[in-house]
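Whenever a hint applies, use it, and build me the whole structure from the sequences.
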Amino acid sequence: MTNNLDRVELSLVGRKRSERLFKFYGFLGILIAFLFLITILYSVISQGQKAFFTTFIKVNIFFDSEIIDPQNQRNDEDIRYANFNKIITESLKKKFPENLNKNDSKELSSFISSSEADYLSEFVVKNKDYIGKYKNMWLLASSNIDVIVKNPEMEDLDEEDRLISDKQLGWLNQIRLNKELKKELNKNFFTKADSTEPEQAGIWGSLVGSFLTLLITLILSFPVAVAAGVFLEELAPKNKFTEFLEVNINNLAAVPSIIFGLLGLAIFLNIMHLPRSAPIVGGMVLALMTLPTIIIATRSSLKSVPPSIREAAIGLGATRFQSVVDHVLPLAIPGIMTGTIIGMSRALGESAPLLMIGMVAFIVDVPTTFLDSSTALPVQIYLWKSTAARGFVELTAAGVIVLLVFLILMNGLAVFIRQKFEKKW
Amino acid sequence: MGFWSFFFIIVFLGLTTQWYGTNKALKLNSNIKEGPKLPSLPSYYGANAFLWLVISVLLFLIVWVFSKPHILDYILIQNIPKALIDEFGGTPNMLIDIIKATDISNIFPGTNPIIIENALYYNKIDKLSDSIAYSIILFVGLTVSIFSINRISFLFKARQAVEKTNINLLILCSTIAIIATIGIILSLIFEALRFFEKVNFFDFLFGFNWSPQTAIREGQVASDGAFGAIPIFSGTLLITFVAMFVAIPIGLFSAIYLAEYAKPSVRSTFKPILEILAGVPTVVYGFFAAITVGPFLKNFVGEFGFTIASESAIAAGGVMGIMIIPFISSLSDDVIRAVPQNLRDGSYAMGATKSETVKKIILPAALPGIMGAVLLAISRAIGETMIVVMAAGIAANLTLNPFESVTTVTVQIVTLLVGDQEFDSAKTLAAFALGITLFFATLFLNIIALRIVQKYREKYD
Chain D
40 MTNNLDRVEL SLVGRKRSER LFKFYGFLGI LIAFLFLITI LYSVISQGQK AFFTTFIKVN
100 IFFDSEIIDP QNQRNDEDIR YANFNKIITE SLKKKFPENL NKNDSKELSS FISSSEADYL
160 SEFVVKNKDY IGKYKNMWLL ASSNIDVIVK NPEMEDLDEE DRLISDKQLG WLNQIRLNKE
220 LKKELNKNFF TKADSTEPEQ AGIWGSLVGS FLTLLITLIL SFPVAVAAGV FLEELAPKNK
280 FTEFLEVNIN NLAAVPSIIF GLLGLAIFLN IMHLPRSAPI VGGMVLALMT LPTIIIATRS
340 SLKSVPPSIR EAAIGLGATR FQSVVDHVLP LAIPGIMTGT IIGMSRALGE SAPLLMIGMV
400 AFIVDVPTTF LDSSTALPVQ IYLWKSTAAR GFVELTAAGV IVLLVFLILM NGLAVFIRQK
460 FEKKW
Chain R
623 MGFWSFFFII VFLGLTTQWY GTNKALKLNS NIKEGPKLPS LPSYYGANAF LWLVISVLLF
683 LIVWVFSKPH ILDYILIQNI PKALIDEFGG TPNMLIDIIK ATDISNIFPG TNPIIIENAL
743 YYNKIDKLSD SIAYSIILFV GLTVSIFSIN RISFLFKARQ AVEKTNINLL ILCSTIAIIA
803 TIGIILSLIF EALRFFEKVN FFDFLFGFNW SPQTAIREGQ VASDGAFGAI PIFSGTLLIT
863 FVAMFVAIPI GLFSAIYLAE YAKPSVRSTF KPILEILAGV PTVVYGFFAA ITVGPFLKNF
923 VGEFGFTIAS ESAIAAGGVM GIMIIPFISS LSDDVIRAVP QNLRDGSYAM GATKSETVKK
983 IILPAALPGI MGAVLLAISR AIGETMIVVM AAGIAANLTL NPFESVTTVT VQIVTLLVGD
1043 QEFDSAKTLA AFALGITLFF ATLFLNIIAL RIVQKYREKY D
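Residue numbers (my numbering), protein chains in the order written: chain D, 40 to 464; chain R, 623 to 1083.
To be clear, the hints were calculated from the coordinates, so they are not data collected in a lab.
Being a predicted model, the structure only gives us computed values, none of them experimental.
The hints are all genuine.
Pairs of lysine-lysine residues, derived as PhoX-like cross-links and limited to a Cα-Cα distance of at most 20 Å, are as follows: (1) Lys221(D) / Lys97(D); (2) Lys55(D) / Lys976(R); (3) Lys277(D) / Lys786(R); (4) Lys779(R) / Lys646(R); (5) Lys132(D) / Lys218(D); (6) Lys62(D) / Lys981(R); (7) Lys62(D) / Lys893(R); (8) Lys62(D) / Lys982(R); (9) Lys982(R) / Lys55(D); (10) Lys62(D) / Lys885(R); (11) Lys981(R) / Lys55(D); (12) Lys221(D) / Lys189(D); (13) Lys97(D) / Lys145(D); (14) Lys62(D) / Lys976(R); (15) Lys222(D) / Lys189(D).
One-sided excerpt, in silico: chain R residues whose CB lies under 8 Å from chain D: (16) Glu785; (17) Leu792; (18) Ile798; (19) Ile872; (20) Phe892; (21) Phe1061; (22) Leu1065.
A few chain D residues that don't get close to chain R, going by computed Cβ distances all over 10 Å: (23) Ser148; (24) Asp168; (25) Glu192; (26) Asp197; (27) Ser204; (28) Ser339; (29) Ile372; (30) Lys462.
Heads up, the beta-carbon is just placed ideally off N, CA and C, and yes, glycines get one too.
Written out as C-alpha cells, the structure is:
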C-alpha cells in the first residue's frame, strides 16, 4: 500500500508541473494575441502619425517682374500663365551662393511641391503690389524631402536607396541649419481627395464617399432589417416558410463579402445600369451585407423584452400587432440601435465588395452626390498601399488611423447606448 | 417637375390624406348619437388611406426608376442617325454611353456635332420623361387616396385592414434575404455558365495551368489564356492552412484559459481585447501584413541565409491567422463553458488535476463544437479578401512551400475584375466561375459546421 502511495506522491511532482505548464500555455495564448494587437496598433500609429504633419521650407521669394509680367500690363490671365516654377527655383538658388549648373537647379526645384506654383500665381493675382518685390514665404516641401525629414535614419542609406541625392541632402542640411524648415499640420490630408503627389493627397474625399455610402446603407438596411426582425421574432407562425427564411438569413450572414461585390457587379451595374463607382451602388451592396447583422440584433433585443409586457398589453385588449409595435418595439430600440451601429461600423471597414463595383478609382474630386464617382475610406487605404511612391506609406498608415478612430467612435457610441438606455429585466 | 418638388407634393398629399381620413371618421362617429360607432378607431381610417397612398406611389416610383434607363436608351437609339451607329462598329451601347457622358454645359471642343445634338436631346427627354412619370405617379396617388377616403364607412374594418397590410409589408421585408440569396446564386450561375461555354468545366476544375491573359488584339501569341484552377485552389488551401496553424493553438489555448482558469475579472478584461482583434478591418490587417510582417520575415529569414518571397504565403496566412484567433477563441469558449459542470466535478472527485480534466474530459466532450468553430473559421479564411489582395501574390504557383508566393481565389477575382473591361471575355467571366466555387465551398462548410454545433448542443441541453 505504501508503495502505491509513494508512486502517487512521486508522480505528483510531474503532474503539478504539467498543470503549471498547461496553465502557462493558456496564458501565453492570450498574451500572444494581445501582443499581436499591440504590434499592429504600434506599427500603424508609429508610421501614421508622421503623415499628420508635413514639412515647409522658408523661401525668400523674389516676384521677378521679368518673369511674371514682362509687358507690365498686370493682366490676370497673363500672370496665371507665367512660369512660377522658375520663380521658385531662382529664389531657392539664392540660398546657396555657390555656382549652380542647369542640372543642379533641376534638383533644387524638386525641393518644393508642384502645387506651390499655382499657389504663388493665385497669390500674385490677388496681391499685384508684390510684383518686383521680395517676400519670405513658407512653401510646402515635396514628398521626398518630407520623407527624409521625418525619417532621419534614411540619411545614412546609400545614394541610390535614398530618395534624394547627396547634393540634395547637403542643401537640405544647410536649410535645416538656417532654421528655414518647419513642420506644420498637414492640412491637405484633412481637406483634399486623392492625388498623384503624396504631399497633396488627402483623406477627405474618401471620408465623404464613405459617409454617402453608409447613409445609403443605413436608409436601406435599417427599416428592412427591423421589419424582418420584428416579423420573424414576434409575429411569424412556425412553419416551413419562416424556417426557410431563418436558414436563409443565417447563410447570408456567412457569405464572403466579395460575393456580394460580384452580385452588385452582375445585377446593379450590368443589368440595372446604375453608375459605376457610385456611393449609391456601394450602399446597396453593403446594405445587403449589413441586413443579417441588424436582423439578428433586432431579434435578440426583442427576445430580451420580458413576455409580461406583451401579456399586459394583450390583457388590456391590444391586438398582437399593437402590443408589438406600441410596447415591445420601443423597449427594444436601444438594443436595435446598438446592433445597427455595430453593423454600420463593420460596413465602414468593408472594402472587398466595393472593389468589385469600381469604387477603387483614382478620384481627385470630393464627391457631392450619391451618383458621383468616389472611393471609400478602406478602399483609399488599399489604393495608397498599392502606390509605389515612398511618401504614400505614411499616408496609408495615417488613413488606417483615421479609419480606426471612426470605428472606435462608433463602437464607443454603441457601448454608451447599451449602458445608458438598455434595461436589464 | 423636379424630384424634390414631387417629393414634397407627395408628403403634403400623404399628410392631408391622413388628416382628412381621420377627420371624416371622427365626423361619422359624432353624427351617431346612439348605437354602434365605426368598427375601428378613427385614426386607423386615416392610417389606412395614408398607407395605400404611400404603397402605390413607392411601387410606381420603383418601377419607373428601374425601367427609365431602358426606355430612355430605346428612345435615344431611335433618334441617332444610322450612319453614326455604323461608324461605331454597329454597337450602339458605347455610343449611348458617350452621349450620356457628354457634359452639355461645358462641351469639349471638336466633339462630333451629332453627338452634341443627341446629348441635348437626351437631356431634354431625361427631364421630360421624369416630369411625365412624376405627374402620372401623382395622379395615381391622388386617385388612390380619394378612393380609400371614399371607402370609409360603417362596414369597413380599418384596423384589420391596416394590420394586414403592415404584416404583409413585414413579410415582404423578410423575404429580401431570400431575394438576395437567389440574386447571388442566379447572377453567379448565369455568368459562370457563359464562362463554361468558352472553357471546359473539367479543364477549369482540374487544370494545372492558370494564366488568364487573353488577347488584346486578334492573333496574338498566347491569346487563349489557360484557366486551370488547381494552382489557385492549392494556394488558397496553403494560406488557409498557415492561418489555421497560427489561429487554432492560440485561439484554443486562450479559450481554455478564459473558460477554465481565468478569474471573472481577468476574463472580463481579456475577452473584449480578443474581440477587438475581430473588429479591426481587414484592410488594416492587409496593411500590417504587407508593410510590417512581409519585410520583417524577409529580413529575419535572410539572417539565416534563406530567401523568401516578399509576398510569401506565410506572411499573408500568418496575419490572417491573427484575424481568425477571436473566432476560434470565442466560439470554443462558448462550447467549453457549455460542458456540464458535473463532468468536471466527477473528474476532480477522482483526483484529477485541472489540466488533466481539461485534456481528458472537457476537450473530448467539447470536440464536436470546437470542430464546428474551426470549420467556420476555415470558411471565413478562404473567403477573406483584403489581406491576401494586399499581401499575397498574383502569379499562380503550384507549391506547398509557405515561403513562396501563392495566389488565392479571392485575389484572382479581384485582379480579374478590377479595372475597365468588356464584360464577355473569358477573363472576366472566370471571376464568376471562381466566385461560385467560393460561394458553394463556404456554404458547404457553414452548413456542416452549424449542423455539428447544433447536434452537439442538443446532446447537453
